[in-house]
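Novice: Listed here are the chains, written in short residue letters.
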Amino acid sequence: MSTRFLADTAVLTGRSLRHVTRSPDTIVTTTIMPIAFMLLFVYVFGGSIRTGSDAYVDYLLPGILIITVASGISYTAFRLFTDLSSGIFERFQSMPIARSAVLWAHVLTSVVACLVSLAVVVLVALLMGFRSGAGPLAWLAVVGILVLFTVALTWIAVIVGLSAKSVDGVSAFSYPLILLPFVSSAFVLTAAMPGPVRAFAENQPVTSIVDTIRRLFGQQPAGTDIWVALAWCAGILVVAYVLALAAYRRRTV
Amino acid sequence: MTAAAPAIAVRGLRKSFGDVDVLHGVDFEVEPGRVFALLGSNGAGKTTVVRILATLLRPDSGTATVDGFDVVDRAADVRESISLTGQFAAVDEILTGRENLVLVARLRHVTDPAGVAADLLARFDLTDAADRRASTYSGGMRRRLDIAMSLVGDPRVIVLDEPTTGLDPQARLEVWRTVREVAAGGTTVVLTTQYLDEAEQLADRIAILHRGRIIVDGTLAELRRLLPPATVEYVERQPTLEEIFLAVVGDARAEGEASR
Ligand SMILES: Nc1ncnc2c1ncn2[C@@H]1O[C@H](COP(=O)(O)OP(=O)(O)OP(=O)(O)O)[C@@H](O)[C@H]1O
Ligand SMILES: [Mg+2]
Chain A
218 MSTRFLADTA VLTGRSLRHV TRSPDTIVTT TIMPIAFMLL FVYVFGGSIR
268 TGSDAYVDYL LPGILIITVA SGISYTAFRL FTDLSSGIFE RFQSMPIARS
318 AVLWAHVLTS VVACLVSLAV VVLVALLMGF RSGAGPLAWL AVVGILVLFT
368 VALTWIAVIV GLSAKSVDGV SAFSYPLILL PFVSSAFVLT AAMPGPVRAF
418 AENQPVTSIV DTIRRLFGQQ PAGTDIWVAL AWCAGILVVA YVLALAAYRR
468 RTV
Chain B
-14 MTAAAPAIAV RGLRKSFGDV DVLHGVDFEV EPGRVFALLG SNGAGKTTVV
36 RILATLLRPD SGTATVDGFD VVDRAADVRE SISLTGQFAA VDEILTGREN
86 LVLVARLRHV TDPAGVAADL LARFDLTDAA DRRASTYSGG MRRRLDIAMS
136 LVGDPRVIVL DEPTTGLDPQ ARLEVWRTVR EVAAGGTTVV LTTQYLDEAE
186 QLADRIAILH RGRIIVDGTL AELRRLLPPA TVEYVERQPT LEEIFLAVVG
236 DARAEGEASR
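Sequence lines, in order, name chains A and B.
All you need for the working numbering is the position in the first sequence, starting with 1, plus 217.
Once you know that position 207 of the second sequence is 192 in the working numbering, the rest is easy, because the numbers rise by one and skip nothing.
Everything labelled a hint here was simulated from the structure, so no lab data went into it.
Remember, it's a predicted structure, so these values are computed and weren't measured experimentally.
Don't be surprised by glycine CBs; every beta carbon is placed ideally from N, CA and C.
Heads up, some of the hints might be wrong.
[Unchecked claim] Over the 12 Å line for every Cβ pair with chain A, so calculated as not near, a few chain B residues:
(1) ALA(-6)
(2) SER1
(3) SER66
(4) LEU69
(5) HIS94
(6) VAL137
(7) GLN179
[Unchecked claim] Cβ pair distances, simulated, as ranges:
(8) B:GLY170 <-> A:LEU396: 35 to 43 Å
(9) A:LEU396 <-> B:LEU158: 53 to 61 Å
(10) A:LEU301 <-> B:LEU205: 36 to 44 Å
(11) B:ARG196 <-> A:ALA389: 50 to 58 Å
(12) B:ARG165 <-> A:LEU396: 28 to 36 Å
(13) B:GLY3 <-> A:SER302: 33 to 41 Å
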């Protein structure tokens, strides 16, 4: 049973990865907005933003990485929605394959596609002068947190892909996720924000994740932020996973 | 004729969507190795019956078995036995025809996916187009690929939901030929159609689904007996438009399609 699940998931992941490699424009579209924000903030606004770090790009990059993930997962929802509306999903459902393999294939593809986009954005940041003395362990921790965050957001994308009524609905859901970093410590220090906004900014998931990644890049002790960040990711993941399975059951027998 | 257990047995099947009462007590049986046609007009509930058989939909009440397995309690076994070609072609547009077949072959765990794919491509005249994306296929080619995908792994029962709707006369004849071949190999075939001639051409047994019930079920000969005996009349027989179309178009179309 479980060997079948692994084999079927592998075959279906190969299939949807092919969808990604055959439309490399999705990677470009995913990375273009975060890169544009990065250019805009470093070269236009950056001069007048005080963050206390040497180079503003060093301060900015973690938030840009969050935006990259948020824009990447909208394609996951889109690919799932396309499967559902084209009938291929029903074909899979009527075949003797492990039931959840279809969803896991989309989740794995989402993680791979997001990692590629993240690598592209980091490369551009390096060209723009981003530097980090972080060792392999710190980098590994950054990758780990980003993968966990991607998986958590991917399950949200799965809910959307399974329950959306139109393509417009599919692409619209990621806008709030992309905007969330703007009301966090991603671009500016939260200390300067007015009271209620500041309270929101300091207690929403993006701030803890961004602060953790920034500390890891800056070779500072991660402190309690890392636990808050992990708790947020795990919490979102569990809730989204449960809701996604419920949405999946509604779509199937 | 009586001993063999039915390949499909449907008893008292009911299904409604909200307050739309679609099926109210559908009964029929299909003998193994036969071609069974479910005839009905738009909205009669043909697709609903088919989706229940393919384990995509749960009946409200009544039972349905495929190959002896109940579609609700033994869904996994039913999925091993049955293969569905839905009303709308379900192919992966981004993959090539060959990749689509290999994908299904891998998921059905056949021993030689590439070989199975190559055989089916040849059998369905798709070898020339095998390595093009399915999104570039014509409607007829897409339908052929769709049916080929359903035949991977030699399922014992295949269900075709309106396999020829939207096809031109020639593609339609190709699908008919395929159905006859599949049936000749001993596979049980259930097909739904709105075309009387299609049922007449292909089916050993025909059932008419009307207002949520099977109102007639029998062989063509039995169905004919429901009407008053034929009287002999002399009429001048004009060629049908379909015959004219096929004569004029000839095989040119098949070549045109292959070279596109
Ligand atoms: N998921 C659904 N929700 C609500 N109503 C549905 C649903 N599926 C089917 N119906 C309704 O059930 C009735 C029968 O539909 P079905 O698709 O089974 O008919 P059909 O015989 O296949 O028709 P066609 O020849 O047009 O394909 C229709 O009135 C349809 O609107
Ligand atoms: Mg139908």
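Novice: None of the hints should be skipped; say for each whether it holds.
Specialist: Hint-by-hint comparison with the structure:
The Cβ of B:ALA(-6) sits about 19 Å from the closest Cβ of chain A, beyond the 12 Å cut-off, so the non-interface label holds. Annotated as non-interface, B:SER1 keeps its C-beta farther than 12 Å from every C-beta of chain A; the closest such distance is 16 Å. A cut-off of 12 Å between C-beta atoms contradicts the statement that B:SER66 is not in contact with chain A; the least separation is 9 Å. The claim that B:LEU69 is not at the interface with chain A is violated, since a C-beta of that chain comes within 12 Å of its own (minimum 5 Å).
Distance check on B:HIS94: its Cβ comes as close as 8 Å (rounded) to a Cβ of chain A, failing to clear the 12 Å threshold; non-interface status is violated. The claim that B:VAL137 lies off the interface is violated: its Cβ sits roughly 9 Å from the closest Cβ of chain A, which falls inside the 12 Å cut-off. Look at B:GLN179: its CB is around 19 Å from the nearest CB on chain A, clear of 12 Å, so calling it non-interface holds up. Between B:GLY170 and A:LEU396 the CB atoms are about 59 Å apart, so this pair departs from the stated range of 35 to 43 Å.
Checked against the given bound of 53 to 61 Å, the beta carbons of A:LEU396 and B:LEU158, roughly 57 Å apart, stay inside it. Separated by about 39 Å at the C-beta atoms, A:LEU301 and B:LEU205 satisfy the suggested range of 36 to 44 Å. Checked against the hint of 50 to 58 Å, the pair B:ARG196 and A:ALA389 fails, with Cβ atoms roughly 42 Å apart. Look at B:ARG165 against A:LEU396: about 60 Å separates their beta carbons, and that is not inside 28 to 36 Å.
At about 22 Å, the CB distance of B:GLY3 to A:SER302 disagrees with the hint of 33 to 41 Å.
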